Amino acid sequence: MTGSGLGLWGIPLEVLAGAIRVSTPYLLVSLGECITEKSGRINLGLEGVLVMGAMAGYATSLASGSPWLGVLAAGLVGALFGLLHGLLCSMPRVNDIAIGISIMLLGIGLAFLLGKPLIQPQAPTLGAIPFGFWSDSPQIRSALQINPLFLLGVLLAFVLHYAFRYTRWGMRLRIVGDSEDAARALGYPVLPTRISATMLGGFLAGIGGAFLSLYYPGSWNEGLSSGQGIIAVALVIFARWEPLRCLWASLLFGAAGALGPALQSIGITSAYYLLNAAPYFLTLAILIATCAPNRTLQGAPGELSLVR
Amino acid sequence: MRSSISDYGAWLLQRIWLPLTVALIILILFAAFVALIGQSPAEVSGLLYQGGFGSAFAWQNTLLRASPLILTGLAVAIPAQAGMVMIGAEGALALGALAGAVGGIALQGAAPHVVQAGVLLAGMLCGAVWVGLSGWLRNYRGVNETISSLLFSYIGIALLNYFVEGPLKDPDSLNKPSTRPIGDNNMIGNLPGMDVHYGLLIGVLFALISWIVLTFTTSGFSLRLIGGNVRAAQMAGLRVGLWVTGAAAMGGAAAGLAGAIEVAAVQGSANASVVSGYGYTGILVAFMARQNALAVIPVAILIGGLEAAGGMLQRRLDVPDAVVLVLQGIAFVVIIASETLRGRQLFRLTPVAAKAGGAA
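These protein sequences, in sequence, are chains D and U. Residues in the first sequence are numbered consecutively from 1, following the working numbering. Residues in the second sequence are numbered consecutively from 1, following the working numbering.
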């Protein structure tokens, strides 16, 4: 995959294809984290959930022969971890950030331990949908091999955008996340809402992990995740808790991540790490630009421990 | 406060029964997990003890791992006094290592003690600036310090990788990109009679001094006042911004020092190996020590022992070393969740009426 056939035009094409590929786990995990944070909790453990999902998805796909069953299993394992986080944080005076970090360690440890026998065998992976069938150029064809989970994520971003605004479920979630007192006064159950929001977040993070092990790179090893679960937390803030902005931000972060390898393919190597850090830098810049001492971030859920 | 014998009883229950209950829960979960992976819980716990604390060799291994953990634990515990949750020690450690190596290279030719002091000071200063920025942003821009420290942390790690593989790369370091070495004769040596470097002593001293300052001086009191109630602190005339930034910077200095020590005592140059998770484990050390600078020392030794025992488990039982990660994860989850039991009356010793009277 070098830019040789199309000359320098190969680079934007490669970046586009790479952006879609790299952004898929960001998109899924950040949508999950967005749901969790809308309910007023933060789950920093999604990195562990993602790695665990990657392992569980790969193992299930290997055992059953069906990668889609693997995706489902990854989601369920993720939801289980979300349930653990949600339940523990529902006890008084338990810090959600600290629990998140310990769940991150637990998830990574469990995944490495249970995943030891999975490093060698090759499980069936998810196929791509060839949107480039109309072109003769192999570059365009390979660039337009879109993975189904990305499409799922895009669809979900629109659905969530609508749901947060116009559905009963979305309103309830936002009320719980914005003001616990208001939710109680209206008779909405605060803790069950938060626990289920954290479970849903874990479910999506697990699927994000399954993308890594079942599509790209499409195998299981311990270096599979490069911190996508953590970047997604930053990304939700960058997107200021809006699902559609999560989509654009994921693509942007994905493009920044894809630019490094693309530049490497034409011989520019040293900027790789700086480009990888671009998402963090952008998020920080947005935070500094939009925060002020006397008000919190616009759009932030009021109950979120991060912004209080 | 503690007026009657039964109040002392309740206090004792909190201090002794709560930790014991937590330890028991962890042990039961450990045993269940170990049995689940087909090993004998007794054998595994025996090996964990042996590998962490069972011999002089094990102790040395444990202390070697504990010394950066003491400092990264302090990196969280010191800002926590002023009510901040800083989780960026990993990046401050990485930049501390980078700055330490740069300082060491710049001072080449000077006396070894000068070079060592330069390495450590450069690391501390760099870490202090990096985490201090988070504190400053919190106060002057209202940016949440937890998020910004996490972001700064990742940027710091990226900067280390960039410089180590780019502008500062030693052309001779082929397999493992590193900066140029600070020189063998400039390395920090071992404590007398032990195979543990002076970094441990530095960490323990840092913790002791922090504890004394935080507990017995007005500075510590000011910080806790700010952590308890910012408005009250402002009313009392404290310059909150300075204190918050300063506390963050002191925490960062501890993390940066940890990185510089890794360079000056272990690696000999800055490279990607210094980023090995000490920053994250430090967060948990601080939470387990309940943000007490003195308690950070024994907790760091305990966690260091658990990590040191991983290799022993792997060799003896042929289980993956990830077992230790899982055990750590279980312990952390239980300990942090057990915070909910603290301060609650496990068993009611005093009649309700007497309690109400005492409070009035």
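Source of the hints: derived by calculation from the structure; they are not laboratory data. Since the model is a prediction, treat every value here as computed from it, not as a measurement. Among the clues, some could well be false.
As the list claims (entries may be wrong) - From the structure, some residues in chain U lie toward chain D, with a derived Cβ separation under 8 Å:
hint : residue
1    : Leu-64
2    : Leu-151
3    : Ile-155
4    : Trp-211
5    : Thr-340
Unchecked claim - Covered stretches of chain U (in silico footprint by chain D; criterion: 3 or more residues with CB under 8 Å from a CB of chain D, positions within the stretch not fixed):
hint : segment
6    : 70-80
7    : 139-145
8    : 221-227
9    : 320-330
Said to hold, decoys possible - Computed Cβ-Cβ distance ranges for the label pairs, DEER-style:
hint : chain 1 : residue 1 : chain 2 : residue 2 : range
10   : D       : Gly-127   : U       : Leu-20    : 53 to 63 Å
11   : U       : Ser-45    : D       : Ile-119   : 22 to 32 Å
12   : U       : Ala-32    : D       : Ser-135   : 30 to 40 Å
13   : D       : Tyr-166   : U       : Ser-45    : 23 to 33 Å
14   : U       : Leu-18    : D       : Arg-172   : 31 to 41 Å
15   : U       : Leu-24    : D       : Gly-302   : 53 to 63 Å
By construction, the Cβ of each residue, glycine as well, lies at the ideal position given by its N, Cα and C atoms.
Outcome of the hint check:
Interface hint at U:Leu-64: violated, since its Cβ lies 21 Å from the closest Cβ of chain D, which is beyond the 8 Å cut-off. Annotation: interface hint on U:Leu-151 holds; nearest CB of chain D at approximately 5 Å, less than 8 Å. A distance limit of 8 Å between C-beta atoms decides the matter here; for U:Ile-155 the minimum to chain D is near 5 Å, and the interface restraint holds. For U:Trp-211, the interface hint is violated, the least distance from its beta-carbon to any beta-carbon of chain D being 21 Å, above 8 Å.
Using the Cβ-Cβ criterion of 8 Å, the hint placing U:Thr-340 at the interface with chain D is satisfied: the shortest such distance is roughly 4 Å. Evaluation of the coverage hint for the segment 70-80 of chain U: breached, as 0 residues show C-beta separations to chain D shorter than 8 Å, against a requirement of three. Given a C-beta distance limit of less than 8 Å, the hint that chain D covers the segment 139-145 of chain U holds, as 6 residues qualify and 3 suffice. Counting residues of the segment 221-227 of chain U whose CB lies closer than 8 Å to any CB of chain D gives 0, so the stated coverage by that chain is violated, three being the minimum.
By the rule of at least three residues with a Cβ nearer than 8 Å to a Cβ of chain D, the coverage given for the segment 320-330 of chain U holds, with 10 such residues. Remark: the range hint 53 to 63 Å for D:Gly-127 to U:Leu-20 is upheld by a beta-carbon distance near 55 Å. Taken as a hint, the range 22 to 32 Å holds for the pair U:Ser-45 and D:Ile-119, whose Cβ atoms sit roughly 28 Å apart. About 57 Å separates the C-beta atoms of U:Ala-32 and D:Ser-135, a value inconsistent with the hinted range of 30 to 40 Å.
Roughly 55 Å separates the CB atoms of D:Tyr-166 and U:Ser-45, a value that falls outside the hinted 23 to 33 Å. Distance hint check: the CB atoms of U:Leu-18 and D:Arg-172 are about 37 Å apart, consistent with the given range 31 to 41 Å. At roughly 39 Å, the beta carbons of U:Leu-24 and D:Gly-302 sit outside the given window of 53 to 63 Å.
Checked against the numbered hints above, the structure violates hints 1, 4, 6, 8, 12, 13 and 15; every other hint is satisfied.
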